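Each chain is listed here by its residues.
There are 2 protein chains.
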Amino acid sequence: MKPFAFISLALILCRLPLFGQEIPSTSTNTVSARAARVTSPEVEPDRRVTFRLFAPKANEVLLTGEFMHGATNIQKSESGVWSITIGPLEPEIYNYNFTIDGVKTIDPGNAQVKTGSTPSTIESILEVPGDSPAFYDGRDVPHGEIRTHWYESKSLNTLRRLTVYVPPGYDKSGRTRYPVLYLLHGANADEDSWHQLGHVNLILDNLLAAGKAKPFIVVMPFGYGVPPGSSNALGQNTTMFCRDLLGDVIPYIESSYRTEPDPDHRALIGLSMGGGEALSIGLNHLERFSYVGGFSSGLGRVSDFPKTYASLIADPGAANKGLHLLWVGCGRDDGAFATSRAFSEFLTQNKITHTFHESSGAHTWMVWRRYLHEVGPLLFQ
Amino acid sequence: MKPFAFISLALILCRLPLFGQEIPSTSTNTVSARAARVTSPEVEPDRRVTFRLFAPKANEVLLTGEFMHGATNIQKSESGVWSITIGPLEPEIYNYNFTIDGVKTIDPGNAQVKTGSTPSTIESILEVPGDSPAFYDGRDVPHGEIRTHWYESKSLNTLRRLTVYVPPGYDKSGRTRYPVLYLLHGANADEDSWHQLGHVNLILDNLLAAGKAKPFIVVMPFGYGVPPGSSNALGQNTTMFCRDLLGDVIPYIESSYRTEPDPDHRALIGLSMGGGEALSIGLNHLERFSYVGGFSSGLGRVSDFPKTYASLIADPGAANKGLHLLWVGCGRDDGAFATSRAFSEFLTQNKITHTFHESSGAHTWMVWRRYLHEVGPLLFQ
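Residue numbers (this note's numbering), protein chains in the order written: chain A, 1 to 381; chain B, 382 to 762.
Same shape as in the complex, but just chain A (with noise of 0.2 Å):
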């Protein structure tokens, strides 16, 4: 194995922290530049992690991160550098923030930025590398690419974009087709989202190269009918977003790329908002897809269960012999924990065959990335 199999991702892109944080020409501070660019976070051989600010003028800063709860202190030097130190940390991805004086904003000595649709979504990111590289790491294995497009949303009326991963060697495998996972992201993230956060790209390279999944197409749409942030996200989202899936998005990539155009060579998954809309699109649309699951998935009101989802339950033997896999899984620190359970009890209470995955871990890419991995042997199998 060659080196680099050994080095996460963000470092082999050579995106080291080298630079640190830029002191901006407006400071009327008097240290010294050099004393001043500092390097964060900083992550130590046995995992423990530095975080650093120079703000000298800052009366309070306070660091909030997936590796902890709440929001912690940070302790301010007589140079006017804050810093504070963490861990050991088990190796993973984590987002974080600083919140200075009350503002909260990234780390602005980290390069790496999590960006999405939405202000909110906006966070540092800490990569802890482990002594072997984890399951969503780039490995010395053939490599699929990730193809962004512009298409025309005629259900829109706008010019969009998707990203689509196809699996190493599509464009060397002639006239073989591909079945297509349909994949969508949450709230607040883009079309982006899955590749630059949850790696399915280097996930499903892994599991490839393992003899463990099938090769397949995955087609990350942007998931919103209505602008993020938008009041009556959850309704009307669900029935504009349904409509530019069905109406432009499948038909767009079943015209530009080789697959297996019926619903057993179809799946629908998504995480949070975008689970919610995978599971109620998809168990609403078994003429289209046979692979359906919902991550953390915002399902709305228990009570509206029997309507949204009235055809399904309306004949289960129909439903039980389209379904390959119906997947729902939740963490049990996460919000959405006992909507997810109600939905798997409702599943149960109406004979419909699924799997309900109860797992650790909170409302984080951290539990998606993983439920991928899970997920993506037992697809079009």
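No lab work stands behind these hints, which were simulated from the structure alone.
These numbers come from a predicted model, not from an experiment.
In this text, a Cβ means the ideal position worked out from N, Cα and C, and glycines have one as well.
A few of these clues could be false.
Some, not all, of what chain A presents toward chain B, calculated at C-beta under 7 Å [as the list claims (entries may be wrong)]:
id, residue
1, 101
2, 108
3, 109
4, 110
5, 145
6, 284
Covered by chain A, according to a simulated footprint, are these stretches of chain B (three or more residues, beta-carbon under 8 Å) [claimed, not checked]:
id, segment
7, 425–438
8, 495–505
9, 700–708
Based on the hints, put chain B in the right spot on chain A.
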């Protein structure tokens, strides 16, 4: 023409800042969350722009941006919202930052963030649309794709990413082969910058639809040969990157795409650091490239030109025969202007045919988008 043809890309992707700035849960302010959820930036129909920041504890907030010289103080209201209105601004895509009590940071109310390979590149993005679509806006025309590859660089013994633009219809054009433009980013940027900030795909889609350019593939590698921010970035960096480009990137592309693999159908252009790389690599490898260009190039010392370009000036007749285009452009407000003009004079003195394009503007993506729009039609004619 469809309605979306008149709307800028940021808007049509539903990235309107409807959410505004999120108020951190750790904040101890007593202002209601509703009042605090500020919108920033807000672009009026007359193209005046208001920036807002909720920061009741801050003592000083500055605004810096490509639409102004230097920094300007923002005023605070009693509600703790800092705001300023500027303009009207010319329709453009600008970068900007806040500096809050000495800490340079993004606008926490804006989802649009410019990222790259070092933290110094992080800024917020302001898009001011005009009455009609700009040459870099998405229009109702056939669209190409951006493809992201993970490849093993044997030269650098690492896994790297590169992005590729394929023109509309590439997959359906049978055995057609295409010329290739290798297009390099600047310091602190990365392999995503030319499409995320440069809109390379939309600019070429629009030129193609207007019949003003020939279809070609654009390859955008990660242009560093040493880690970003290393001290010897201009010397060793170009040497190491050259090995990756010639030894790994070009062979990878020519085995993956239907290219015309000869020097008459290869171009090498870059901006800033990448402009220096393109000129020094391209003009020393006329057996590989016949179209070479530098935008606002980082050219090193003028006194080194005779040594760096020794092989070029040794036989001007052969060089001029091999070079179908040598294009050097720089804005008069750019710190690189004097060196670019000196490079043009050096070429003239040595009888190397070239175009020196002197323009308005500074060291910004505003200039580089225009340069690509100027040069695209000159390639492979």
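To see whether the hints hold, each was checked on the structure:
Residue-level restraint check for residue 101/A holds (minimum Cβ-Cβ distance to chain B is 4 Å; threshold 7 Å). For residue 108/A, the interface hint holds, since its Cβ comes within 7 Å of a Cβ in chain B; the closest pair sits about 6 Å apart. Hint status for residue 109/A: holds, given a least beta-carbon distance of 5 Å to chain B, under 7 Å. Hint status for residue 110/A: holds, given a least beta-carbon distance of 6 Å to chain B, under 7 Å.
Taking 7 Å as the C-beta cut-off, the interface hint given for residue 145/A holds, the closest approach to chain B being about 5 Å. Because the closest C-beta pair between residue 284/A and chain B is about 24 Å apart, greater than 7 Å, the hint is violated. Residues of the segment 425–438 of chain B with a Cβ under 8 Å from some Cβ of chain A number 5, which satisfies the need for three, so the listed coverage holds. Counting residues of the segment 495–505 of chain B whose C-beta lies closer than 8 Å to any C-beta of chain A gives 8; at least three are required, and the coverage claim holds.
Only residues whose beta carbon comes within less than 8 Å of a beta carbon in chain A count, and the segment 700–708 of chain B has 0; fewer than three means the coverage is violated.
This entry does not satisfy hints 6 and 9, going by the numbered hints stated previously.
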